[in-house]
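Peer 1: Single-letter residue listing:
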Amino acid sequence: MKQWPLAAIGLVLLLAWPLLAPDVFYQRIGALVLLAAISASAWNLLGGYAGQVSIGHAVYFGAGAYSALVMYTHFGWPPIAGAPIGVAVSCALAVLVGLPTFRLRGHYFSMATIAAAELIRILCTNWKLVGAAVGLMGPPRPRTVADLSFISPLPYYYLFLAVLLILLAATWQMQRSRMGYYLAAIRGGERAAHSLGVPVLRYKLYASLLSAGFTSVTGSLYAVMVGFVDPDSVLGILVSVKMVIVAALGGAGTLFGPLVGAAILIPLEETTNAAFGGSGTGITFIIYGAIIVLIARFEPGGMAELWRRISGWKARRRAA
Amino acid sequence: MLLEARGIVKAFGAFRAVDGADLEVTEGEIIGLIGPNGAGKSTFFNCLAGDAQPTAGEIRFLGQDVTKAPAEDHARLGMARTFQVPVTFEDMSVAENVMVGAFLRHGHRRDARRVAEEVLDFTGLAALADSPARSLGTPGRKRLEIARALATGPKLLLLDEALAGLTPAEVRLAIELVRRIKARGITIVIVEHIMEVILSLAERAVVFHQGKVIAHGAPRDVVDDPAVVAAYLGHHMKRVRQ
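Each protein sequence line maps, in turn, to chains B and Y. 0 is the number of the first residue of the first sequence in numbering that gives the first Met the number 0; add one for each residue after it. 0 is the number of the first residue of the second sequence in numbering that gives the first Met the number 0; add one for each residue after it.
So that you can see chain Y by itself, here it is in the shape it has in the complex:
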């Protein structure tokens, strides 16, 4: 078991954004986290990444208890993430952004630069390596988020709506990139509300609703689950299935 989250609760005052959610991730799979807006996916996701501390529950990564560990410890153990709204280091070049990630496992500048160049090549950003990061548009920034995360040498990659806001052509390119990441042996958890992405990428889907997991299984089966349809998919799914 790569990652195991049990009974995760995240409460803001009396409101429980996440209310007893479980998740198990085994090595080598792509898991999709779906659910309507406000279902608690992102909060749950932040708990997994160490960005927020769960009010209750336990998270184990590679057998270690990381429930209360800060995000940098998660990174060191091999968990990397992207942000829904990209947080680009604007004052740096594209390559320097990636080098920040590479410095986690490479103390020397030359090694960090080499790793960054390799990752930029892999993510198709090599041509932009020395451009200022602030010159990138949304698709470039989302790609840079992924490149930076990959440079930390992760075993598990958490993608938070990495494909939202992209055009259909860009989405296809991004799907292809995620597949190639998986082929490198990196396990992926992806939060997404574009159903096509989940259907074409994920081997398992976990559906959130009001802070709880209401269904999990193969994406095709999950979207047919009456509870899921009732919860939110509704007319949206009809369109996808046609």
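The following block holds chain B by itself, in its conformation from the complex:
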């Protein structure tokens, strides 16, 4: 494949970024880019490859984040030990949400996922065990290394990079297998997929389980790094929307699209937040809105499609 040299350059750049970054601020942005890339890549399995645009993935992100800190708060576990529990809860939720909603098509599916996510957010806001509206805190200072509580962003950066590489390798394998073709067929036309023997509902569930599981892992990683969760920061609709936007900006249904999208959006968001301080959250909404409008109007395939067109255009010019 002709993309491999490019992927290799990207990998070297990712490995070297903390050394290239001038200070901790940029190293931290690097870690946040990777975190956003993981969650958007996880979303991409269902929303991109299978074409089932979920706007409720905060449910799985939240399940992962809460599992980590609930286990710490109530049992004194290292937060990361809650990750497998988050994955189990997320998979159960994926089946629970998926069975009724996968019969819906297009916008109706997206709306149902929003409803499910908001329901869970409101439940958690009133649930004492998970800290209700106040939320939960992680360990104030590390007890052992297993708490994964570091002052430098570097350990997080390389931890996130490892998870991202595992996820991308799994996605690449999936894309080339029967499942990849079946998901693309489901995205292309469910009726035709059925007629060719694709068990549509079953494959949507497979994609959903994979997607929910990895999203939950991202949530746990987030909780470990930030050390604090509350309903708004991990279950709010903005969490779901961000995954969609990051993936769509880079190119939904492509392997590297979510990473590219994260590399563009997160630095933009962080620098505006830094520049405008507390009032920056409003700016984030404006940026999201502007990106949605721009992608929908000019480049529904995201950066990946733009790149394909430019390289195709260059190839034709060379041929001419």
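Since the hints were made in silico from the structure, they are not lab data. Hints are not guaranteed to be accurate.
Only some residues are given here: those of chain Y computed to face chain B with a beta carbon under 7 Å [unchecked claim]:
{"hint": "1", "residue": "Val86"}
{"hint": "2", "residue": "Arg171"}
{"hint": "3", "residue": "Arg203"}
Pairwise CB distance ranges (calculated) [unchecked claim]:
{"hint": "4", "chain 1": "Y", "residue 1": "Pro131", "chain 2": "B", "residue 2": "Leu122", "range": "53 to 59 Å"}
{"hint": "5", "chain 1": "B", "residue 1": "Arg175", "chain 2": "Y", "residue 2": "Pro131", "range": "14 to 20 Å"}
{"hint": "6", "chain 1": "B", "residue 1": "Tyr107", "chain 2": "Y", "residue 2": "Gly12", "range": "55 to 61 Å"}
{"hint": "7", "chain 1": "Y", "residue 1": "Phe11", "chain 2": "B", "residue 2": "Val94", "range": "29 to 35 Å"}
{"hint": "8", "chain 1": "Y", "residue 1": "Gln52", "chain 2": "B", "residue 2": "Ile285", "range": "38 to 44 Å"}
{"hint": "9", "chain 1": "Y", "residue 1": "Phe11", "chain 2": "B", "residue 2": "Ile113", "range": "49 to 55 Å"}
{"hint": "10", "chain 1": "B", "residue 1": "Ala87", "chain 2": "Y", "residue 2": "Thr166", "range": "56 to 62 Å"}
{"hint": "11", "chain 1": "Y", "residue 1": "Gln52", "chain 2": "B", "residue 2": "Leu95", "range": "36 to 42 Å"}
{"hint": "12", "chain 1": "B", "residue 1": "Val144", "chain 2": "Y", "residue 2": "Ser130", "range": "23 to 29 Å"}
{"hint": "13", "chain 1": "B", "residue 1": "Ile285", "chain 2": "Y", "residue 2": "Gln209", "range": "58 to 64 Å"}
Using N, Cα and C, we set each Cβ at its ideal position, and we do this for glycine too.
Once you have looked at the hints, place chain Y on chain B.
Peer 2: Using the frame of chain B, we list chain Y on its own:
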């Protein structure tokens, strides 16, 4: 008996699109389903393919009751179909479209690719294998529908107006393709309103009118049946017979 449909009814509210239709298909034949627009052919066809569930009646394929089975089960048993308006997977290449069908019986990518290439060769699409499917025009898309269906390794192929919208030259090519499919031992049910196609291809014709089968038999005899002529053929047939 390959396929047996008895007393099929498909009602939408009070309206019965299909109203007690029967069909028997034996192995190795080409059967034509004809009738005026709105006669219920397509609805009946969708019931056979498992795309719609009949309100009443029974469908048996290879001796198994498939009346309520979803379309993917029909495919697994060996029934493939094309759509009247082609549903092409636009993001994929021509070969990848066909591979989706081939994956039904071949789990590995390499095997699926090999089957797809063989089918593309057979359907005359080999030269376009790696082109994006969205670059195909209507005749190419109709051919791709057939190729994809063949890749599932069917015993019975249901063609829903696979030749509509083609120019006379393309129709001749398509007729030739259908004949070659039959020569592979695949049974064919074809819905069509181009009478020449039915007359030159089908060994038996079944005529639909208002959701009911009003005539069946050899195509030549069927078109002379007064009930059929009265139902719809009218002046159109005069032109064909000249």
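Peer 1: It remains to establish, for every hint, whether it holds in the given structure.
Peer 2: Each hint, compared with the structure:
1. Val86: Holds. Min distance 4 Å.
2. Arg171: Status violated, d = 27 Å.
3. Arg203: Violated - the Cβ of Y:Arg203 stays beyond 7 Å from chain B, reaching only about 24 Å at its closest.
4. Y:Pro131 <-> B:Leu122: 53 to 59 Å: violated, 46 Å
5. B:Arg175 <-> Y:Pro131: 14 to 20 Å: holds, 18 Å
6. B:Tyr107 <-> Y:Gly12: 55 to 61 Å: The hint (55 to 61 Å, Cβ to Cβ) is violated, given that B:Tyr107 and Y:Gly12 are roughly 22 Å apart.
7. Y:Phe11 <-> B:Val94: 29 to 35 Å: holds, 33 Å
8. Y:Gln52 <-> B:Ile285: 38 to 44 Å: violated, 49 Å
9. Y:Phe11 <-> B:Ile113: 49 to 55 Å: 32 Å Cβ-Cβ, so the 49 to 55 Å window is violated.
10. B:Ala87 <-> Y:Thr166: 56 to 62 Å: Holds, since B:Ala87 and Y:Thr166 (Cβ atoms, about 59 Å apart) stay within the stated range.
11. Y:Gln52 <-> B:Leu95: 36 to 42 Å: violated, 26 Å
12. B:Val144 <-> Y:Ser130: 23 to 29 Å: violated, 55 Å
13. B:Ile285 <-> Y:Gln209: 58 to 64 Å: Since B:Ile285 and Y:Gln209 have Cβ atoms about 59 Å apart, the given range 58 to 64 Å holds.
Hints 2, 3, 4, 6, 8, 9, 11 and 12 from the list above are not met by this structure, while the remaining hints are.
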